[in-house]
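Number of protein chains: 2
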Amino acid sequence: MHRTKVKVVEEALDANNTIARANRADFDRAGVKVVNFMSAPGAGKTTLLERVVATVPGVRVGVLEGDVQGSMDADRLASLHVPVTQLNTDPGFGGECHLDANMVRSALGALPLDEIDLLVIENVGNLVCPAEFRVGEDRRVMVASVTEGEDKPLKYPLMFRTCDLVLVNKIDLLPHLDYDLDRFLYNLDHVHPDVERILVSARTGDGIGAWRDWLSAVAAREEALA
Amino acid sequence: MHRTKVKVVEEALDANNTIARANRADFDRAGVKVVNFMSAPGAGKTTLLERVVATVPGVRVGVLEGDVQGSMDADRLASLHVPVTQLNTDPGFGGECHLDANMVRSALGALPLDEIDLLVIENVGNLVCPAEFRVGEDRRVMVASVTEGEDKPLKYPLMFRTCDLVLVNKIDLLPHLDYDLDRFLYNLDHVHPDVERILVSARTGDGIGAWRDWLSAVAAREEALA
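If you're matching them up, the sequences are chains Z and R in order. All residue numbers for the first sequence refer to numbering that gives the first Met the number 0, where the first residue is 0 and numbers rise by one. All residue numbers for the second sequence refer to numbering that gives the first Met the number 0, where the first residue is 0 and numbers rise by one.
Everything hinted at is true.
Stretch-level coverage of chain Z by chain R, calculated; a stretch enters the list once three of its residues show a Cβ under 8 Å from a Cβ in chain R:
id: 1; stretch: 136-148
id: 2; stretch: 168-177
Computed, partial: chain R to chain Z, Cβ under 8 Å:
id: 3; residue: Leu126
id: 4; residue: Ser144
id: 5; residue: Gly148
To be clear, the hints were calculated from the coordinates, so they are not data collected in a lab. Backbone N, C-alpha and C fix where the C-beta goes; we use that ideal spot for every residue, glycine too.
Make the full structure from the sequences, and use the hints.
Quick look at the structure:
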């Protein structure tokens, strides 16, 4: 019974990876680099995008916005005059807690790939399942808010282990929290040694320049990324 | 294809409800009331439990601790000398993002039901799937941290709609946030009109008395709860 369940899950992930590779081939053909952008609910993904999407020098950024329901985040980003496509996960069954490769594939026709250089896919707010499903991305970025506590890398290791960049957000709140930043970074290095990290505050603008530069560097790479 | 997927999901939820009812019958027989305790990662569930589990007057509280990996939260609570049972969701398949009725059923034998009056099941940190799976609880409580923003009831409506109590946590940070509490409460009432809510700060102790009283009232009910 348990073995059967494991097998079904493995087959589903295998099918997902096949579709993710097809997405990736389409993105590569269009010359579009893709970032899968993940975090827990309320960590600040949308605000961190608002801060940069319209101002990466020489890079046309588009956003694919994944939500269980609604289009609030898409509306916020569209007001910055960048192309935004909404993808809702709820039709038919109570709401998926993550994007998978097939959902992204279903949105490909609606994405203006000719008009962008970099696509940021804002995933559903969740630290578990989004880490298990590749969607065709070149790079994975996650946001960890300092308000969430120092222990999160140890509790959600797959997410922290499979990302290429960790944005440590809301650092303006550090003086008001019982939060030990060194301990968080120690825990982070324990599950993903030396992963790139940038300390940011979407609110004050601290670190936003480095975040913009990181996106710029991803978009500028000529070759397909690993 | 899509209809098939919906049908599979419906059958899985139906099977889950059957097992949840069996759990509930076992809890009722033992005279144990059960709270399903949910939130996003880092909203403060464990700290809010630390504040009360050993001090609900005349009520013996036990905790079933759900995590993808590790036993950090269980260790914190066990140090308060209350019975704590750990349930990890990772064996076999990358980590489930929620507890379901069958996982809780598998832990029943390890729970000291004779020695407790109230069982708090701390779910995996996630605002989507935990809301879809009943586990045999009498009451559902969720924590919404003010650091997560005002829009969360609209983005994760099922979670907010199916809980009996919302603990609005980290209110000590309100002076340092661009957060409109009235707007959050307006959004909350939009998806779940007049749901009970308590403003709390696990850090300063604000509202903790009311949270303890709420648990006490649940445990004191003679009859089985709806």
